[in-house]
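Chemist: Protein chains in written order, with the working numbering: chain Z, 2 to 770; chain L, 2 to 770.
Honestly, the hints are just simulated from the structure, not real lab data.
Any given hint could be a false lead.
The list treats identical chains as interchangeable, and a pair is accepted whether it falls inside one copy or across any two copies.
As the list claims (entries may be wrong) - Only pairs whose alpha carbons sit at most 20 Å apart, straight line, appear in this in silico EDC-like list of lysine to aspartate or glutamate:
| no. | residue 1 | residue 2 |
| --- | --- | --- |
| 1 | K151 | E450 |
| 2 | K156 | D738 |
| 3 | K276 | D642 |
| 4 | K724 | E764 |
Protein chains: 2
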Amino acid sequence: MANITKKVSWSSRADESGATAEGTPLLNGSEQPRPSRQLSRDGIFQVGRLSTVDLEEEMTSEEESLRGRPKEIPHNEKLLSLKFESLDYDNIENQLFLEEERRMSYMGFRCLEISRWVVCGLIGFLTGLIACFIDIAVEELAGIKYRVVKENIEKFTEVGGLSISLILWAVLNSAIVMMGAILVAFFEPIAAGSGIPQIKCYLNGVKIPRVVRLKTLVVKVCGVICSVVGGLAVGKEGPMIHSGAVVAAGVSQGRSTSLKRDFKIFEYFRRDTEKRDFVSAGAAAGVSAAFGAPVGGVLFSLEEGASFWNQMLTWRIFFASMISTFTLNFFLSIYDNKPGDLSNPGLINFGRFESDSVAYNLYEIPLFIAMGAFGGLLGALFNKLNYWLTIFRIRYVHRPCLQVMEAMLVAAVTAAVSFTMIYFSNDCQPLGAENKEKYPLQLFCADGEYNSMATIFFNTPEISVRSLFHTQAGTYNPLTLGLFTITYFFLACWTYGLAVSAGVFIPALLIGAAWGRLFGILLASITPNGSIWADPGKYALIGAAAQLGGVVRMTLSLTVIMVEATGNVTYGLPIMLVLMTAKIVGDYFVEGLYDIHIKLQSVPFLHWDAPATSHWLTAREVMSAPVTCLNRIEKVGTIVDILSNTSTNHNGFPVVMQGADSDEPSKLCGLILRSQLIVLLKHKVFSIHVSQDERECMMDLTEFMNATPYTVPLETSLPRVFKLFRALGLRHLVVADDVNRVVGLVTRKDLARYHLGRHGLEELQLAQT
Amino acid sequence: MANITKKVSWSSRADESGATAEGTPLLNGSEQPRPSRQLSRDGIFQVGRLSTVDLEEEMTSEEESLRGRPKEIPHNEKLLSLKFESLDYDNIENQLFLEEERRMSYMGFRCLEISRWVVCGLIGFLTGLIACFIDIAVEELAGIKYRVVKENIEKFTEVGGLSISLILWAVLNSAIVMMGAILVAFFEPIAAGSGIPQIKCYLNGVKIPRVVRLKTLVVKVCGVICSVVGGLAVGKEGPMIHSGAVVAAGVSQGRSTSLKRDFKIFEYFRRDTEKRDFVSAGAAAGVSAAFGAPVGGVLFSLEEGASFWNQMLTWRIFFASMISTFTLNFFLSIYDNKPGDLSNPGLINFGRFESDSVAYNLYEIPLFIAMGAFGGLLGALFNKLNYWLTIFRIRYVHRPCLQVMEAMLVAAVTAAVSFTMIYFSNDCQPLGAENKEKYPLQLFCADGEYNSMATIFFNTPEISVRSLFHTQAGTYNPLTLGLFTITYFFLACWTYGLAVSAGVFIPALLIGAAWGRLFGILLASITPNGSIWADPGKYALIGAAAQLGGVVRMTLSLTVIMVEATGNVTYGLPIMLVLMTAKIVGDYFVEGLYDIHIKLQSVPFLHWDAPATSHWLTAREVMSAPVTCLNRIEKVGTIVDILSNTSTNHNGFPVVMQGADSDEPSKLCGLILRSQLIVLLKHKVFSIHVSQDERECMMDLTEFMNATPYTVPLETSLPRVFKLFRALGLRHLVVADDVNRVVGLVTRKDLARYHLGRHGLEELQLAQT
């Protein structure tokens with residue numbers, strides 16, 4: 002837990018309240034005289050005008066970085082880290098808060114509501130713009146790269162010496178990826194990967210340091226452009242979700258820690274509750290921009306984040322999603338010289354599957370389910386391999402320069418493998434009018450033909466996916482698809498977890514589309530009439546869903562995303578069945594990719610329900626006890642001591658009141674947060690270093706504590722505690738006995754500790770990692 | 002509140018526990034000797050093996066009918082009825098419950114989970130089948146009717162004397178509608194209307210008597226067929242939602258009160274929590290079948306019902322929806338002789354809007370918004386007229402025979418008006434190959450032409466809607482559309498609220514489509530190039546959305562339903578903007594149609610949040626006090642007296658425990674429900690009529706009470722109480738002071754009382770209506 006030296010660095014900031022901390026005495030013992038102008042006559046600190054916003058200040062980056070970057074990274078999934086703090090999704094109803102709310106008129110609430118809508122619209126618009134920027138940047142830069150390499154290859158195909166082309170390609174890729182990796186590894190490690198696990202944690206209520214900072218956004222956007230242009234087996238869709246979330250946090254708070262600017266707007270929204278709501282909207286807008294799936298975006302946010310369903314909130318999230326898709330669409334239509342044509346939404350869209358041409362029959366459903374099972378198996382293999390790889394990385398590749406080198410190596414290998422595959426492929430296809438390949442490579446094919454293997458390797462993955470879905474039967478031969486599946490599987494698995502910004506959605510879709518199409522081709526050849534009904538594009542779609550479902554194990558939102566991206570609702574049922582099968586089969590072996598990474602970070606993640614067999618446990622066993630309590634009127638010295646004592650590792654302290662009789666037990670009367678106490682001390686004594694005089698003063702906490710904390714009796718069962726905690730998004734839950742004495746405190750970590758393992762209920766260990 | 006005489010009829014049933022109530026003494030005073038075999042030696046009742054299912058018995062129909070059919074129907078929207086009970090969405094964790102849960106192994110929970118999925122699949126399947134049955138029945142019967150009338154009209158067009166055709170048509174309609182109205186008015190009044198307000202209330206947690214009975218379903222299905230075939234201005238979609246809900250309740254409980262059969266399956270699901278979850282799934286399956294909108298169905302259920310978002314539950318709801326659409330689709334495709342063609346989902350589908358042919362441009366958005374505003378206005382007018390009509394009906398048309406006569410009158414008038422409109426219309430259109438009208442009426446048109454006005458009137462409304470959306474420009478002339486809009490508006494408004502099963506979705510869509518198309522035609526004629534971009538079908542769609550939004554004021558789910566029904570995601574943004582505008586404009590004047598009807602029934606409906614300006618109120622002002630409490634070991638006589646005292650109008654009683662000192666205040670130690678007490682008494686004394694001997698006996702409530710009820714302190718603000726209550730789906734919330742003494746009880750009615758009126762916070766009155 003943060004000890005007092007960290008607090009010093011935090012409280013000595015000069016930009017707060019004009020006070021300086023120079024010359025303040027050290028904590029213990031020094032008795033330098035100091036003007037006690039904050040002391041009132043009765044020795045109780047009088048508190049100046051404070052607002053709830055003051056009490057909810059954000060920590061500065063220094064302290065967060067001290068807290069959030071553990072030196073020794075845990076790599077044991079049986080541990081829970083105590084480093085992660087929770088977010089409050091429950092308003093802290095102290096007197097200040099209530100006064101503020103009560104001062105507000107009905108019109109005030111209406112204005113707030115309108116500004117929420119405006120903020121959501123802005124979030125959608127900006128997220129759409131960012132998606133648009135990423136898309137255009139990738140398209141242009143990748144275009145340049147592919148043209149250069151293509152010309153080179155064409156030159157050397159005739160004169161021989163294609164190894165020079167290979168080297169050119171590999172060097173180009175490595176150089177581009179290096180830029181992205183340096184940005185991520187040295188400037189903002191949290192921007193690595195897709196960002197989806199981090200956003201999941203944030204929406205779940207875990208405070209992940211620096212995850213919604215502007216700096217993270219900049220690194221993420223530049224990083225993802227480098228990764229995709231650098232030819233890695235990655236997609237740009239996952240990072241969009243993270244980007245949307247950052248945009249949302251930034252816009253809604255009206256200030257930026259990275260820029261050190263405070264625009265003094267939307268100050269009402271500076272509470273965990275509101276911020277989390279907006280971040281949900283941002284994540285949804287991100288999904289919506291990525292896949293052209295506004296409804297899918299809403300469901301993603303709900304699936305990952307919601308605890309209490311709120312109609313107006315959901316409606317606002319939907320608005321942000323819609324605006325985001327629309328913005329992206331509109332600007333891309335201008336870029337594509339078809340202004341106003343809004344029919345191709347999203348960064349990736351699967352192209353329209355017309356139900357007339359690509360219908361499915363009832364008897365194909367078992368085939369689809371079998372594909373789902375296969376996708377689940379392959380996905381589990383992918384996750385297991387990536388799990389081992391990640392553990393290896395945590396142990397041996399944690400230095401930034403090593404990370405950059407690994408990323409460059411992967412880029413070079415990807416280029417080399419692609420080149421080799423193309424080189425040895427003899428799958429030549431006629432260059433027809435309908436196959437409008439963007440960068441067709443002729444290589445050793447006859448004139449008027451192109452190398453089919455090059456179509457999937459020598460393109461951004463998004464274009465390859467669409468090509469696998471929609472090109473007519475016969476465009477790819479089975480050998481090409483088989484080889485591609487195998488190589489891309491391992492490349493993608495190696496790539497995920499590198500110190501680059503990159504998503505796993507598209508690689509998974511691409512792998513699945515490849516083996517799905519292969520399956521369709523085989524089916525067409527071995528069954529009578531197969532060539533009529535077994536459209537390879539249809540099976541590519543099902544395969545893509547199966548593989549993606551097997552890797553990420555999302556269910557409802559993924560179904561809707563896929564349905565929206567195909568623009569055909571009749572595929573809903575098969576896609577749902579496939580995703581369900583993939584999830585059931587995959588879960589049997591190993592968890593989903595995001596959950597693996599969350600576990601490896603030892604995040605105290607709360608699932609939807611308490612483990613099924615946990616009715617045996619009650620609050621008595623679950624809670625932490627004894628609890629450090631504060632008196633309602635407490636000595637400053639005691640507060641300082643408690644705050645600086647590293648063994649009281651809670652962020653909230655029950656406040657108790659002595660009864661009239663001295664032998665009467667003291668009763669619970671409120672709850673106060675560590676952060677609030679620090680602000681209070683700072684506002685009064687200008688520093689956490691207090692003199693002996695000040696130590697003896699009393700501080701009245703009545704006005705600042707939450708006077709109505711939720712409590713449960715000792716005998717409450719774990720599922721009941723869990724439900725209360727989760728439904729209300731609590732951070733601390735006080736356990737009281739039958740005369741209202743504090744006997745324990747339940748926090749997120751106490752609940753996240755219990756999970757269902759192979760041998761029934763298991764308890765994770767807590768570690769100060 | 003139910004008084005003791007009602008309890009007699011309930012407890013004297015012979016089919017329960019084999020005991021008979023003959024010869025039992027009256028409550029007060031009679032001291033007939035009676036074998037006290039239930040008394041143990043220490044005078045405390047020993048309780049036999051009871052399970053939680055025993056404690057959660059349903060009330061019999063007699064008692065419910067006594068409770069649920071108020072003799073004097075309230076018609077003041079400033080009242081809240083005390084007649085309605087709440088559902089428990091929070092498990093009552095008494096010892097029995099915990100023991101049962103603890104006995105269950107991990108495998109047991111897995112089996113439960115699997116049976117939940119099976120039940121949801123079954124719900125979807127049966128709902129789909131019912132939808133299919135309704136659709137085919139309507140199509141066949143309406144076909145017969147239209148053919149008869151058409152032949153008659155054709156015969157008399159030549160020879161003159163069309164008034165005979167008019168009479169034939171009117172009599173046919175009246176007769177068919179009479180059957181439906183008799184069923185509804187005499188057998189099951191709760192089956193009237195669309196059922197959506199009732200299902201909204203049920204999902205909100207209000208117990209509406211007989212709403213999910215099998216008898217209700219049968220009446221609903223037959224009633225809706227009669228209404229639609231009878232030519233009323235109604236749709237069959239709303240009733241599908243109610244039907245799905247009934248199916249869900251029936252299947253999941255494994256017994257039927259109407260049939261008096263108990264299949265002894267799914268006994269675990271016989272709790273309010275589980276039942277409500279399944280009813281959500283059923284409602285979603287109903288929406289899904291009605292509109293071919295599985296995602297829309299899920300969102301409808303969430304929007305109306307969810308309090309705590311649960312991922313697995315949502316996923317199961319989605320499964321039920323999918324199965325339902327799929328089943329309907331599959332069987333209809335067989336009926337249509339195109340087996341396996343699953344591309345036309347839903348009872349109504351709007352036909353596919355291809356984005357290439359019917360694209361919209363950015364500059365049309367303001368036009369759409371203006372249409373939304375107009376729809377909101379028209380919708381508000383519709384609601385206001387219907388509100389006055391409903392009040393009139395409550396006052397003067399509450400006798401069943403009057404209700405039947407009114408329904409017949411409306412049917413006859415509808416036929417007469419339609420006939421007149423067709424008769425005087427001179428909108429003749431060529432009978433082309435592409436206009437495949439099902440029952441084209443030639444009337445006074447030239448040969449090879451047909452009367453266009455007849456197309457909209459002389460068809461089921463579903464077909465008319467599709468025709469307005471998709472027929473090419475010029476099929477309808479403006480005068481036809483204008484006249485149709487006006488007449489149909491008043492007909493539909495008069496029809497909603499009749500004692501027939503019928504929905505308002507389709508009439509609203511039809512009205513909107515008509516004026517929308519009219520708007521499109523006018524636009525095309527007054528703007529340059531208007532005929533190119535102002536496709537009347539597109540404006541018909543927007544108009545339909547605006548009108549429906551203006552009437553029902555649904556938002557998120559309606560957008561998704563419309564998008565799914567059009568099969569085109571690019572229309573998402575305009576439809577959302579239109580629905581938002583319609584809601585904002587409409588809400589300015591009057592509430593949504595469903596909310597009006599809920600208010601007129603004085604249902605204690607809980608909205609999503611506490612009123613915005615209610616931070617002033619605390620639990621102290623909101624709660625009911627004083628509260629009748631029971632001791633942990635309580636005299637049977639006291640319990641009987643409390644239960645039979647009509648002034649204790651709560652259904653839950655806090656259980657308190659005397660401290661060791663006699664002067665120590667008694668502490669809260671649990672909560673027990675009225676229904677549980679009654680079951681306990683019955684199991685012990687076989688009747689609520691107890692002898693004086695038995696009155697003196699003590700009963701230990703420890704095992705049966707919920708030992709860990711949620712409590713809040715006196716000072717908790719209303720929004721905080723509200724959030725706790727709503728998020729956890731509570732029925733009773735105990736207010737305790739700082740030494741854990743019971744000081745009050747908050748119930749649904751206490752919270753529903755406060756609402757935001759024109760002049761700030763208003764408080765509704767509670768009435769024993």
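Chemist: It remains to establish, for every hint, whether it holds in the given structure.
Modeler: We went through each hint and held it up to the structure:
1. Taking CA atoms no more than 20 Å apart as the test, K151 paired with E450 passes inside one copy only; the shortest distance there is 15 Å, against 63 Å between copies.
2. Neither within a single protomer nor between protomers do K156 and D738 lie at most 20 Å apart by alpha-carbon distance, with minima of 83 Å and 87 Å respectively.
3. Taking the shortest Cα distances, K276 and D642 never come within 20 Å of each other, neither inside one copy (32 Å) nor across copies (53 Å).
4. For the homomeric pair K724 and E764, the shortest alpha-carbon distance inside one copy (19 Å) is at most 20 Å, but the shortest distance between copies (31 Å) is not.
Figure legend: structure checked against the earlier numbered hints; hints not met, in rising order: 2 and 3.
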